[in-house]
Amino acid sequence: MKRRDFFKKGANAALAAGTLPLIATSCAVNQDLAYDRETDKWTQLGSSLSEIPNRTKTKNYQVAVVGGGAAGICAAVSAARNGMKVVLIQDRPVLGGNASSEMRVHLNGVNDIKGKAERETGIIEEILLHNRFENEQESYPVFDHVMYDFVVREPNITLMLNTQAINSLVKDNKIKSAICWQSTTETMFTINADIFIDCSGDGLLAASAGALYRTGREGKAEFDETYAPDKPDGWQMGATLLMSSKDMGRPIKYSPPSYVIKYTHEGASKRRKFAGYQDGIWWIEVGSDGDIIGDFENNRHKLMGYLHGVWDFIKNSGKFPEAENLALDWVGSLPCRRESRRFVGDYIVSEKDMTEHKHFYDAVAFGGWSLDEHNPGGIENISEPPSYFHYHFKKVYEFPFRALYSKNIDNLMFAGRNVSQTHIALSSSRIMATCALMGQAVGTASAICVERNVLPRTVAKSHINELQEQLMRDDAFIPNRPSNDSDDLARKASLIFSSSTKTGDAKKLLNGISRDIDGEINHWMSDGLHAEVQLEWESPITLSKVEVKCDTNVKRNIMMRKDSRNDELFSNHNPVEMLKHATLHGRIQGKWVKLAVVKDNKTRLVKFNFETSKCTAIRLICEETYGAKDVKLFELRCYA
Amino acid sequence: MLRLTIFIVYSAISFSVSFQSEETNANMLTSDMIKHEVSIKHPGEKKRINGVLVELPKADGLYSVYYMDVESVICHLNYCKVIPVRIHWDDLGVFQKYTLKKGATLEKYKDDVFDDEDYEKLTSIMSNKKSPYKDVYIDEIIRVVDTNDNIDAYSGETAIVLDPKDTVQGAVLTCFTLWHWANNNDVIRIINTITAQSASEEQLINFLLSASKKHALLSMQQGVKRRLYTPAFTAAVTEKMLSDKSIIKDAIDYIEQDSCSAYSKTIKKLVNEGNEAVIIAALKSLKKQKHSLPNSFFDELCLDNQILNSYPVLSNYLELMTVQNPNSEIITEQIIPLLNGNFINARAVYWFLSNQKLSKSHQKQLDLFFNTHSSKL
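Listed in order, the protein sequences are those of chains A and B. For the first sequence, our numbering assigns the number 826 to the initial residue and increments by one for each residue that follows. For the second sequence, our numbering assigns the number 4 to the initial residue and increments by one for each residue that follows.
Take these hints with a grain of salt, some might be off.
[Unchecked claim] List time: in silico DMTMM-like cross-link candidates among lysine to aspartate or glutamate, alpha-carbon distance up to 25 Å: (1) 216/B with 1330/A; (2) 133/B with 1345/A; (3) 1071/A with 138/B.
What the hints contain is simulated information worked out from the structure, not anything from laboratory work.
Okay, chain A solo, but in the shape it has when bound (with noise of 0.2 Å):
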């Protein structure tokens, strides 16, 4: 039965050009199937062994992620951590999709609001602080693996690499299995889930199961968007295809491939700059007004002829002095892509859900790039600006839950891209750290989902509160919307006090929110270190965790970038913030204990985990940031 199921989608599925070229015409005829293998026998020369290899199987896990970007990795984390068997599908060989050494984008969040950032928190921060710790030398081959270390460490994480999910067995309107094609290991597998969480960017799984989406732009009627065309069309954002150059200490000559696509900026508008073009240029893009993943080998090659026409410009239109030392020293090969499809949820986030900054109930993420919508044509319609940059937020602004999981397919949740939103939404909510938000919510809400034996439609219904406090917990940030964590037991102390304060309060520790925003202060700081906060109890409680989380200066971007820049706004290292050492002490029947010490932290969240113990008090004394004179937290929790 399930055999037939999945003949019958494969037969309507939208598949990748390439990938399985026989499943997309399948009928049931078993020697069509590329798994079907009863000629191939395998003989080993050097045991005379000969056997038909298994080229099938089945595995079974509780939540299922396809695609290792931002999102991915954070939907995967996040629901592992939350106690979840957990596989996460990638069809790269590396983790990181945009921001991976394949690609080479700038893993962007809320870079620059009135001029400083509001960068997330939670595990995306996470990320790019090991980042920071493993990767001094600002590598990005070097970036993959820090991923991958960060994904494989997981002890509830199946990673599979070079793995596409190209179908799906659907029933009842859930997804069943999906159908993933392994190449590097010719094996076809099906993966039998109960959440199944597209994070894949294109969305194949989703739209084989049927999900419904959309593409394209809407019209300014439909949401009542101003930046919107007057009537919808198809045009889809493009693709970019960077590269980097070095300076080579002499002059270097430069002559095109024969794929090169002359580039003269004539016509071009004034604002397609080439401002740090060493590192790339992000207008080299193409996009569609049809089927953009139809097209996506079409355009790869496209823009593998744009790029040099434009590095030809560069060297030899005699424009650029400054450049006669420069080399290419990458070039990227595959495309970073912006838009395809958007799938719809219970509620589509628009346009003026973000510049009116409307409050959800169901809210788990936020953003605050600006609307970013690039121009319709691309490189190919150079006279108008690369990037409207229609609207710049003076504050974050909130996404509903609700925008992350289909409408119809109801086992089925999204992060990243594709999620429900309009075109004009999707110009800022796109950036990878905005996107890596939307995955540990859609990570965490699957726990939920597993261990309640509900569906996601139900925790935006009934479990809000839970995941809105799981995530704040995990430390993510929820605009206006503070944390009360009934199980938090910091909450319930009589008194806190710190041993010397510079700015902020030591109560500010409890007050739920996480950063200093909209210029209310939610700290505490210390003046010099050693420094201390202590809190005290009427009666004993007992005790086994801390989690403090301390300040990674989140005005401040960290991710890495190709210029290095280390300035006010972007920093090239871990920040001196940061609290690196700290001990925990507990009072037990009128003695200090020691409970725990953290040594070398590198986490934002610091969490001291100790057996169990009946305190009456607990001071947490910080020793030593990684340079910064006085420690600064923003948040105390203690539980049982």
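Using the hints provided, position chain B relative to the given structure of chain A.
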């Protein structure tokens, strides 16, 4: 680094140019100007720029002011109109104003000139230490100046766009150049060093007595550096600490390096007269001090019970006594009434007294407390 870059020549000079500001002219005519030859890094230039920083000591002898003549715009393409601009700083290197030669005007793109509003806006931009110009690279601007683009600068996909309120439209390069002069780190460092090194003890005391926190901190740092422990200077530090809790740490750092007798006298004054933050800082200092102060000193360090009602004060007080003055009957006598007060405080006193040698009557009170509250201990 500073030593390498500053060449201080103490000689009076005069300027041939006449500037619009009458106030500046008056200063120039009446003050003894001191010329400092300096080497400055400006982000618009690859090489360091040599210049002359002029110090104008004020008549009251307290605060000098400084100025330097710079070019209005760093322009590598020779199509910009460059005029001299005089930048003025206070004695800590904080930008005050800019002035132009009489009749000179700043120019915008396409031969347009600054109007009054533009001059005012430029002052506001240069005064804003957090201006976006701080983070803009000159190469991002150079590609823009010959366009009609109303987005001033952005790079990569980060969309750095200067809000119209943050710039004078058509004068991005001038704004960039002058902002980085007004807020130049080298200039600020040099002026601070001159102020610190040239201040007399009397001036440093005046700094302490002024309302300026920055001056007070500079003064205390100089106090430590110069081993300035005269009664007048120490008294000024103490007074400042009693009135401004934001300088407590630096003040304690200074006081801790004084002689034993002076330290103990100052610290007692702080405990007796300070607010909660000052008392806690003083108690913490005493806890770690190595002057071998006698027990009698700590016995005399009696705190009002109202002050001890503050748990942080009480907690630090008890920790101090545990370390420096254990088993003192005087201290026990003082704090045992607290067993009948606020429970959290009483419990702290209980745990402290549990480790002290007590008289029978005190022990009885302690046992009573235990019997009453054992479930909460």
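| request: Please write out, lowest number first, the hints stated earlier that are contradicted by the structure. | output: none
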